[in-house]
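**Student:** Protein chains in written order, with our numbering: chain A, 1 to 120; chain B, 1 to 331.
These aren't lab readings, by the way, just hints derived from the structure by calculation. Hints may contain errors.
Okay, derived cross-link-like pairs now, EDC-like style, lysine to aspartate or glutamate, Cα gap no bigger than 20 Å in a straight line [as the list claims (entries may be wrong)]: (1) B/Lys-328 to A/Asp-9; (2) A/Lys-19 to B/Glu-325; (3) B/Lys-195 to A/Asp-9; (4) B/Lys-23 to A/Glu-111; (5) B/Lys-195 to A/Asp-40; (6) A/Lys-38 to B/Glu-196; (7) A/Lys-115 to B/Glu-21; (8) A/Lys-113 to B/Glu-291; (9) B/Lys-16 to A/Glu-111; (10) B/Lys-28 to A/Glu-89; (11) B/Lys-324 to A/Asp-25; (12) B/Lys-328 to A/Asp-40; (13) A/Lys-96 to B/Asp-314.
Okay, the calculated beta carbon distance ranges per label pair [said to hold, decoys possible]: (14) B/His-197 to A/Asn-3: 39 to 47 Å; (15) B/Glu-25 to A/Glu-69: 34 to 42 Å; (16) B/Gln-12 to A/Glu-17: 30 to 38 Å; (17) A/Ser-55 to B/Glu-275: 30 to 38 Å.
Please read these numbers as outputs of a predicted model, since none were measured by experiment. Just so you know, even glycine gets a beta-carbon here, dropped at the ideal spot from N, CA and C.
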Amino acid sequence: MSNAPPPGDHIILSPEEIKLTYEDDQKIASAGTFKIIKEDHTVGNMMRMSLLRDSRVLFAGYRMPHPLENIMLIKIKTREPVQPIDVFEHHIKLLKAEIGTIQDQFKDALENKHKSQSLD
Amino acid sequence: SSSSSRSKKLDQRFPKIEILELKDEYIKFVLSNTDPSVANALRRTMIAEVPIMAIDIAEIEENTTALLDEFIAHRLGLIPLLSHNVDNFTDHTVCNCDEGDHCENCSVYFKLDEENTGDNTYFVTARHLKTISRAEYMGDHAYIHHDDNNKGVAPVLSLYGGDMESDAERDIVIVKLGKNQRLKLRCYARKGIGKEHAKFIPVAVATFKYDPIIELNQDDLEKLNQDEKIQFEKSCPAQVYKYHHQTRNVEIANRSKCMYCMECVKKAGALGYSELVTVKQSQERFIFTVENTGSLSPEQIVSSALITLQSKLDMLQTQVVRVKESRKHRS
Numbered sequence: 001m002s003n004a005p006p007p008g009d010h011i012i013l014s015p016e017e018i019k020l021t022y023e024d025d026q027k028i029a030s031a032g033t034f035k036i037i038k039e040d041h042t043v044g045n046m047m048r049m050s051l052l053r054d055s056r057v058l059f060a061g062y063r064m065p066h067p068l069e070n071i072m073l074i075k076i077k078t079r080e081p082v083q084p085i086d087v088f089e090h091h092i093k094l095l096k097a098e099i100g101t102i103q104d105q106f107k108d109a110l111e112n113k114h115k116s117q118s119l120d
Numbered sequence: 001s002s003s004s005s006r007s008k009k010l011d012q013r014f015p016k017i018e019i020l021e022l023k024d025e026y027i028k029f030v031l032s033n034t035d036p037s038v039a040n041a042l043r044r045t046m047i048a049e050v051p052i053m054a055i056d057i058a059e060i061e062e063n064t065t066a067l068l069d070e071f072i073a074h075r076l077g078l079i080p081l082l083s084h085n086v087d088n089f090t091d092h093t094v095c096n097c098d099e100g101d102h103c104e105n106c107s108v109y110f111k112l113d114e115e116n117t118g119d120n121t122y123f124v125t126a127r128h129l130k131t132i133s134r135a136e137y138m139g140d141h142a143y144i145h146h147d148d149n150n151k152g153v154a155p156v157l158s159l160y161g162g163d164m165e166s167d168a169e170r171d172i173v174i175v176k177l178g179k180n181q182r183l184k185l186r187c188y189a190r191k192g193i194g195k196e197h198a199k200f201i202p203v204a205v206a207t208f209k210y211d212p213i214i215e216l217n218q219d220d221l222e223k224l225n226q227d228e229k230i231q232f233e234k235s236c237p238a239q240v241y242k243y244h245h246q247t248r249n250v251e252i253a254n255r256s257k258c259m260y261c262m263e264c265v266k267k268a269g270a271l272g273y274s275e276l277v278t279v280k281q282s283q284e285r286f287i288f289t290v291e292n293t294g295s296l297s298p299e300q301i302v303s304s305a306l307i308t309l310q311s312k313l314d315m316l317q318t319q320v321v322r323v324k325e326s327r328k329h330r331s
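The shape of chain B in the complex, shown without the other chains (with noise of 0.2 Å):
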């Protein structure tokens, strides 16, 4: 733009993705050449403004059970749903719904209708959610079968068990029935933020760490006896150090393990060598841990939330833009 053109260049940060691990609950990645606002505002986004689906209103016909029904529709609301094509739905707040608060293109509909006829406890889990149509969701029983779906929106159901040995075990409890007790439900689904509601948010975990700068005085490591380099090795209790006996010299073994604890600091300055290391945050290099709940994929949250953040860039650029072109036609 001509205004630009003018003013100082400044320097435009060329920022770098390294992938460390990807697995399908969590991936890890560096980002670096960029500050700490900008991998805080990616922390930020991923938690609280990446949209994913989740039920949000349920209507209780019967509840003979322990809980109470907004107990129940609580527990509802938390469980995770596959939501990998969030954005084949619209927003609820702008959807354009024939009748009423919700329709097809804004919301997903389950029913569930469970009863212990049996005499021991019957766990009620997510896996008894069942899809339905909006046409039964309405009450309209001639179109009880219906292909459609819901484009992929399921609950997420016994996907890491660890230890756990069947799918029962894994599976999500909403609420345990004892005998001839009973619930039955209709609920639907829609897309949210975290920022409305905790049940919206697609991690588990996301944070970031700045990775450790390290940096020995050779000239007073050398000063050190073979004791106190030992001792120094010890120091550490995420054993960054290792003290090679062949070479008979310490080195950084394991950079990335340094959690700042400066006990390595501390233990230079009581054997004398207050300048021996020196321990660093970088202020340019992030490492990210991102791990999901299941309802979308790391990759997918990271995704989202960068497209969330450029979606907001992109509205202030627009606003800013329509304040100048006001402020021309004032004056």
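This is chain A alone, in the form it adopts within the complex (with noise of 0.2 Å):
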């Protein structure tokens, strides 16, 4: 029981705990890895499949090295002169607007039902 981390701890970041990091490969041109803690597959599965659908990635991939540690790694090539950190701002962007967009059809959706309904 004395080495159970406290409740939360894989939710919320403490104080001294950074939320992205990003290091260059060293021995790989224009590559380089994410390292993100405290996110699951809800968002790395979502970013490597954007990332792949993009032309200019070589490599996307996403791993989480240990259970028990709350780390992912996103690791991107990109194809020169394009650089990963540019192109997974991108598609942040991307999905940010597909969820957008979901979110007004939702909402629109909604509207129609709750119309058509009341007419019965």
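Hints given; two lone chains; assemble the complex.
**Tutor:** Structure representation (structure tokens):
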């Protein structure tokens, strides 16, 4: 029992922890790894699949090195001169726009459904 | 932004939503023109990251029941609480509670005091939880009457009974009291998400299935005789196909009922026409079924999940911008 982490440890960042860090790959050109803390497949798989559809991306993969540590690594290699960090930023924007579209669509669909249900 | 105007513009996707059914207990909708990772992210968020209220700490004053204190505290946590106003509460990790770990901004207080004074078994249910003010919780009895209804947070009661006749049958039972047994406690609820504890999961079920794509080869179909066509129709356990005697033809009648068992494909192969039918899972259309537990309405669950997903991506975006800035200053 004494080695159990505090509750919420896998969700809440402590003051000294940084959500996202990035390191260039030492040996491979225009490649780098993002290290994200306290996120899971929800975001990781979504980002990875989006990146794979981009023709400027030569490699995109994500993994969680150990199940007991809440660390996710996303490795990206891009075609020069494009840099991984720019492509990552671009895909976050794309996904945000996509989720935004789903939000608007859902709102409209709800209004239509409420209207048609109130007519019954 | 300047960098994306020079980089190749990726095809932006425009997903569509169509609501098939909307009831108090569940919603069924189609999400299309997007890919499985987005659908799955939505599903995962609906289960694990939509915040609701649930009882977290229980201080038990008297317990002569058959259940242990912690057993009862566990059950209290699992009682669904109406959480429509959950956004008006602060998260307890960031709340500036003046004294102690809780205040009226982040918590909702309840008390319960039931005793079996009769001869029959007495059911203590979620209905017996009474909302109280923080002052009363802390022991200040001068302020017992309070008008604030805790922003509407109360146990979910008697919503879906189905065949059950009375409130007494539908209410959630906490513990059953024998003769002279008593349960007296006070507790408070706070906001949380499913990732932290299953009591914060707003859904009973949140699933999606891939829309079936079924194609019949008409040329091969014509080569079957009537008996073979009927055999083909009957091979499907979900009655996807229908044989019409007037036209002597087999049609797809209930495409959405397909369970991907592939019995029709096997039957076609057995009849000697392996190209007769193809059954595929669409990678672009997903049929969601979301069933709630009463704490949030199904629409609220979906909306809240979408907002949560956006704020996750927001957070990542802020972080990436920060990293880019710091790299610029380095070189």
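**Student:** Each of the hints needs a verdict: does it hold here or not?
**Tutor:** Status of the hints after comparison with the structure:
1. B/Lys-328 to A/Asp-9: 32 Å, violated
2. A/Lys-19 to B/Glu-325: The hint holds at about 16 Å.
3. B/Lys-195 to A/Asp-9: 11 Å, holds
4. B/Lys-23 to A/Glu-111: This hinted pair holds, its Cα atoms lying about 14 Å apart.
5. B/Lys-195 to A/Asp-40: Holds - the C-alpha atoms of A/Asp-40 and B/Lys-195 are around 11 Å apart, at most 20 Å.
6. A/Lys-38 to B/Glu-196: Holds: A/Lys-38 and B/Glu-196 sit about 12 Å apart, inside 20 Å.
7. A/Lys-115 to B/Glu-21: Between A/Lys-115 and B/Glu-21 the Cα gap is close to 13 Å, so the pair holds against 20 Å.
8. A/Lys-113 to B/Glu-291: 17 Å, holds
9. B/Lys-16 to A/Glu-111: Holds - the C-alpha atoms of A/Glu-111 and B/Lys-16 are around 15 Å apart, at most 20 Å.
10. B/Lys-28 to A/Glu-89: 33 Å, violated
11. B/Lys-324 to A/Asp-25: Holds - the C-alpha atoms of A/Asp-25 and B/Lys-324 are around 16 Å apart, at most 20 Å.
12. B/Lys-328 to A/Asp-40: Distance of about 29 Å is beyond 20 Å: violated.
13. A/Lys-96 to B/Asp-314: Status holds; Cα separation ~8 Å.
14. B/His-197 to A/Asn-3: 39 to 47 Å: 20 Å, violated
15. B/Glu-25 to A/Glu-69: 34 to 42 Å: Roughly 39 Å apart at Cβ, these two residues keep to the hinted range, so it holds.
16. B/Gln-12 to A/Glu-17: 30 to 38 Å: 33 Å, holds
17. A/Ser-55 to B/Glu-275: 30 to 38 Å: 34 Å, holds
When the structure is compared with the earlier hints, violations turn up for hints 1, 10, 12, 14 and for no others.
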